[in-house]
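**Student:** Sequence:
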Amino acid sequence: MTLARPSLLQALRRAHVRLGLAAVVGAGVVLTLLSFLTLRNYVDQNLRLVARSIAYSAEAATVFDDAASAHDVLTMIAGQEGLQSAVIVRTDGARLASYMRDPDNAFDESLMQAGSVLFPLQAGAPVTHQGNSYGQVIVRGNGGVYVLFLVKVLAAVALCTALIGWRVSHLSRRIERDIVRPLNKLASLTRTARTSRAFNLRAPAAAVAEIHELGEDFNALIAEIQFREAELMAKHDKLRTANASLSFLAFHDSLTGLPNRARFRESVEHALRTQGSAGAKVAVLYVDCDNFKSVNDSLGHAAGDVLLVEMALRIRAQLRDEGVVARLGGDEFAVLLAPIDSIDATFKVAQRVAAAIRAPVHSPVHGAIGSSASIGVAVYPDHAAGLDQLLAAADAAMYRAKARQAGRVELFDPKVDGGGRVLTD
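FYI, in our numbering the residues of the sequence shown are 293 to 717.
Check the hints yourself; a few may be wrong.
Derived Cβ-Cβ restraints for the label pairs, each shown as a range [unchecked claim]:
1. S377 <-> R466: 52 to 62 Å
2. N424 <-> L455: 53 to 63 Å
3. Y334 <-> H462: 36 to 46 Å
4. R332 <-> S377: 13 to 23 Å
5. R332 <-> W458: 25 to 35 Å
Lysine-lysine pairs mimicking DSSO-like chemistry, simulated, CA-CA at most 27 Å apart [said to hold, decoys possible]:
6. K640 <-> K573
7. K707 <-> K573
8. K707 <-> K640
These are calculated hints, taken from the structure and not from any lab test.
Virtual Cβ for every residue (Gly too), placed ideally from N, Cα, C.
Generate coordinates for the entire structure from the input sequences, incorporating the hints supplied.
**Tutor:** Here it is in structure tokens:
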């Protein structure tokens, strides 16, 4: 089972979100706790201060037991301070004056109840005159006011959380632009270079120094690979050219450019396999120069080479594209005709070749060089049942032609030539 791996952007965003949330939650808890403790201390001190203020203001009314004046003072100060209730109690326990605030609605009442749970809302102060105690002021604060203040603190924390979240989102987009996108681009270039062998691609400049250096290293590596690839291609082309040249030399004669004996045997074997097996006739002409040795002895090997090259040209000129011409070695040539219309037509082709060779060869260095060739003709399947027999039959007919008269053409005759001599490489 393959595990789903998060992308780099997802990992960075998760890290930022976790870090941001941890920071906001930690800061929120600390701020809320500090605000709550500070507010509790403020509430307690404020209520004590209000109680002492009422006690000082109602001192005369309490000493002279003036309930109306005490009530006026109590109502005025309690109303200004937003107290929930206030009472002045004489030393004998009797109430001199009291104040009770009615909640405006159910929401105010809920806030007051919540405040009574969260904050110390009761405080007292003695009413004294010249060292004598005449009563006590007991006040109870309105917790709804403090709850609203605490809600404002929490709202400020929530706003800070939202601002930090927006900042984290902005930072994620910037990281995506400066880090993730260049890395994704670099990964895409690497993948394209690997799969499509597109070594001309280059990584663009990046804003982050480390990513820019990574891109430059990638470009240098791709350039090196491109250079090595070009070197390998050049070597491959040279090897292919050399192999083609070696292959040509292995199956062709270096002097005349004609196929050699090995290639000629392959050509004959292919013709027998494809056309002969289908019922067509295949003919082989053996051509042997009659005066090659005398030319070499009298005029030199250079003249002999001129004679051989000219013979090759004349044989090919008579055949055009009708057959395959090969040099078997020395002064021996061979011609493959496949398929043939008839033995008589093949014999006439051999006569044209003999007539063409019979004309003197003109050389700027050696002058006119006499030329003639004896030709033997054998036809499959009339004269042979296979490759070696066919070549031997044509060779036997050629020797009979040379024995009778230079420049003759003879058709294989099993009664005269016998089975012929088997020719191999």
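**Student:** Would you mind marking each hint as holding or not holding in the structure?
**Tutor:** Hint-by-hint comparison with the structure:
1. S377 <-> R466: 52 to 62 Å: With Cβ atoms ~57 Å apart, the hint holds.
2. N424 <-> L455: 53 to 63 Å: Between N424 and L455, where Cβ atoms are some 59 Å apart, the hint holds.
3. Y334 <-> H462: 36 to 46 Å: 37 Å, holds
4. R332 <-> S377: 13 to 23 Å: Holds, at about 20 Å.
5. R332 <-> W458: 25 to 35 Å: 33 Å Cβ-Cβ, so the 25 to 35 Å window holds.
6. K640 <-> K573: 16 Å, holds
7. K707 <-> K573: 21 Å, holds
8. K707 <-> K640: This hinted pair holds, its Cα atoms lying about 22 Å apart.
The structure shown violates none of the earlier numbered hints.
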